[in-house]
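Chains A and B, in that order, give the protein sequences. Here this note's numbering is used: the first residue of the first sequence is 302, the next is one more, and so on. Here this note's numbering is used: the first residue of the second sequence is 171, the next is one more, and so on.
Take these hints with a grain of salt, some might be off.
Below, a list of computed lysine to aspartate or glutamate pairs in the EDC-like style, where the Cα atoms sit at most 20 Å apart [claimed, not checked]:
{"hint": "1", "chain 1": "A", "residue 1": "547", "chain 2": "A", "residue 2": "470"}
{"hint": "2", "chain 1": "B", "residue 1": "319", "chain 2": "A", "residue 2": "389"}
{"hint": "3", "chain 1": "B", "residue 1": "186", "chain 2": "A", "residue 2": "580"}
{"hint": "4", "chain 1": "A", "residue 1": "572", "chain 2": "A", "residue 2": "599"}
{"hint": "5", "chain 1": "A", "residue 1": "494", "chain 2": "B", "residue 2": "416"}
{"hint": "6", "chain 1": "A", "residue 1": "547", "chain 2": "B", "residue 2": "296"}
{"hint": "7", "chain 1": "A", "residue 1": "569", "chain 2": "A", "residue 2": "492"}
{"hint": "8", "chain 1": "A", "residue 1": "569", "chain 2": "B", "residue 2": "296"}
Worth flagging that the hints you see were computed from the coordinates, not collected in a lab. Since this is a predicted model, take the numbers as computed values, not measurements.
The chain contents come next:
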Amino acid sequence: MPLVLVEQTGGTPSDPSLQTLTLARSFGGPVHALVIGQAVDLSQHGVAATHVAVHDGLDSFAPDAWAAILGQLSDRLSANAIFAAGTDRGNDVMARVAARMGLPLATNCISVASGDQIHLTRQRWGGSLLEEARMRSPRPLITVAPHTVVIETASAETKVEKFTPQLKEQELAVRVAERVSTKGGGVSLAEAKVVVSGGRGVGSKEGFAIIEELAGLLGGAVGCSRVVTSAGWRPHSDQVGQTGTKIAPELYIVCGISGATQHMAGCKGAKRILAINSDAEAPIMLNADYAVVGDLKEIVPAISAEIRAARAAHAPLPNPLPGGERG
Amino acid sequence: MRVLVCVKRVPFTGGKMVLAADSMALETRHLGFTISPHEECGVEEAVRLIEANGGESVVLTLGPPEAIEQLRDAMALGIDRAIHLQTDGAEWDPEASASAILDAIRAEEETYGPFDLVFFGNESADSGGFQVGLRVAQALGRPAVTGLKGVKVAGGSAHCEQEVDGGRDVYIVPMPAVLTVKEGLNLPRYPSVPGRMRAGRKPVATSTPTRPPARLEMLRLVVPPGQGRRAEVLGSGPSAAPAVVEMMRKIGVA
Numbered sequence: 302m303p304l305v306l307v308e309q310t311g312g313t314p315s316d317p318s319l320q321t322l323t324l325a326r327s328f329g330g331p332v333h334a335l336v337i338g339q340a341v342d343l344s345q346h347g348v349a350a351t352h353v354a355v356h357d358g359l360d361s362f363a364p365d366a367w368a369a370i371l372g373q374l375s376d377r378l379s380a381n382a383i384f385a386a387g388t389d390r391g392n393d394v395m396a397r398v399a400a401r402m403g404l405p406l407a408t409n410c411i412s413v414a415s416g417d418q419i420h421l422t423r424q425r426w427g428g429s430l431l432e433e434a435r436m437r438s439p440r441p442l443i444t445v446a447p448h449t450v451v452i453e454t455a456s457a458e459t460k461v462e463k464f465t466p467q468l469k470e471q472e473l474a475v476r477v478a479e480r481v482s483t484k485g486g487g488v489s490l491a492e493a494k495v496v497v498s499g500g501r502g503v504g505s506k507e508g509f510a511i512i513e514e515l516a517g518l519l520g521g522a523v524g525c526s527r528v529v530t531s532a533g534w535r536p537h538s539d540q541v542g543q544t545g546t547k548i549a550p551e552l553y554i555v556c557g558i559s560g561a562t563q564h565m566a567g568c569k570g571a572k573r574i575l576a577i578n579s580d581a582e583a584p585i586m587l588n589a590d591y592a593v594v595g596d597l598k599e600i601v602p603a604i605s606a607e608i609r610a611a612r613a614a615h616a617p618l619p620n621p622l623p624g625g626e627r628g
Numbered sequence: 171m172r173v174l175v176c177v178k179r180v181p182f183t184g185g186k187m188v189l190a191a192d193s194m195a196l197e198t199r200h201l202g203f204t205i206s207p208h209e210e211c212g213v214e215e216a217v218r219l220i221e222a223n224g225g226e227s228v229v230l231t232l233g234p235p236e237a238i239e240q241l242r243d244a245m246a247l248g249i250d251r252a253i254h255l256q257t258d259g260a261e262w263d264p265e266a267s268a269s270a271i272l273d274a275i276r277a278e279e280e281t282y283g284p285f286d287l288v289f290f291g292n293e294s295a296d297s298g299g300f301q302v303g304l305r306v307a308q309a310l311g312r313p314a315v316t317g318l319k320g321v322k323v324a325g326g327s328a329h330c331e332q333e334v335d336g337g338r339d340v341y342i343v344p345m346p347a348v349l350t351v352k353e354g355l356n357l358p359r360y361p362s363v364p365g366r367m368r369a370g371r372k373p374v375a376t377s378t379p380t381r382p383p384a385r386l387e388m389l390r391l392v393v394p395p396g397q398g399r400r401a402e403v404l405g406s407g408p409s410a411a412p413a414v415v416e417m418m419r420k421i422g423v424a
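Given these sequences and hints, build the entire structure.
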């Protein structure tokens, strides 16, 4: 049967883990889940048994310990495959499982077919390209690319069992010693309902004032392209892209960004894209839903002014988005 | 101290993915090449660590003869010398890559002593396997921390920071250690002209490992559907603003 590592926050399973459970169910056999530290209700996700690993050393994330636990439990259950979400932690832990057990690992898969040989499709280039591959392994190790599988619920009688792993001191040596909170300032890029990004076309660090103004009016976050962070105009934490933040807003406003695959890999989750660009033939135009052609330095302030005018006319209607105006 | 940074040669992909005729690679005739972005920060970090602490930095790549360009780029930024594990350009799966790199590290350390730190990118830009560094770390029996956006070295330990939702997770591991890094760790410098001149004279050790059969075998590449939408043009210039705000109202964001 497949064994799935389920990540959680305070007893709530993460969406990528639930997506992974949906994919693992199609692999065949009753699905078993492993959660670390705290029980999670997975009875609506077709899980036959949830194993709750409990150990004194597991109060903070320790990737080698998690990998050891997955290995021990998969041996005990004779699991025919191990799955985890293709998150930072999921990929980290599964690579350690693969290294310990001497097995191949396919990361960020979007589909898997079982058989004598496993046929799978996985993401490359942050999802801008797909690879069809074949894996030969006595126990396939698979991570599932987040937000590529639709969660399907399925009721099941889920047994909940405690699992006590045997952990060596060395397996607890790499662990989170401290969690430092970054002070909250406005809306986080990953969770914003609106993101306004600027690229090379913005021209300078100071040029971002109009981008910030529009984002503020919409209660959104400011993003940028890789060119902008490489030039030092914005911090790397603002970068949207394959090597930056992955965003999923209702509306993504892209100003002066050509739309290279590096950038587009970061905004595949955006519901709608508005491109503002002086080049009507830029690649972004083939990936956007709406476009305005022209100089962003004129267009962006005009949109901000139009929003202000419309709000004044509709006063006293409140800003529809929580968080309100930051600008 | 001694620091090794492992890098991969990858194409600049530009606006669109175009496949070669056999669908086994990207068509790269019209593309430039670079060091995979996360690893550019690994190179910069290695150079800074040696500038601050003294010692030697080494860059390693597994790649085709042309990957010498990326090794020279790294040496132009200040890396002292290079190891080139030459391939014929065929794809190496993550297990095979890790095993060739491991052999090279062992041979290197036998002659020159252990590396205090070995840097990898968190994942390569192209194949994105997320595992070569961790496989090498496991085989060397060294602690490994992934996805780092902050590294400080003090008193024989590496202080490592990962960016997570709402903050940073801190790990402190003894050296020698293997660290995988992400773009944003630092802002890599540009090479200077004298740096480029010096890079041409720095030593490169070349060998040609044999590629073992792949257990994770690529069959073909596919460009995902969804490229090639055509945007609805709401207007041109600032006069488009009312149409834009109308669209925003319709979808409930303004």
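Verification of the supplied hints:
no.: 1; hint: 547(A) / 470(A); result: violated (36 Å)
no.: 2; hint: 319(B) / 389(A); result: holds (13 Å)
no.: 3; hint: 186(B) / 580(A); result: holds (16 Å)
no.: 4; hint: 572(A) / 599(A); result: violated (25 Å)
no.: 5; hint: 494(A) / 416(B); result: holds (17 Å)
no.: 6; hint: 547(A) / 296(B); result: holds (17 Å)
no.: 7; hint: 569(A) / 492(A); result: holds (14 Å)
no.: 8; hint: 569(A) / 296(B); result: holds (17 Å)
The structure is inconsistent with the numbered hints 1, 4, although it conforms to all the rest.
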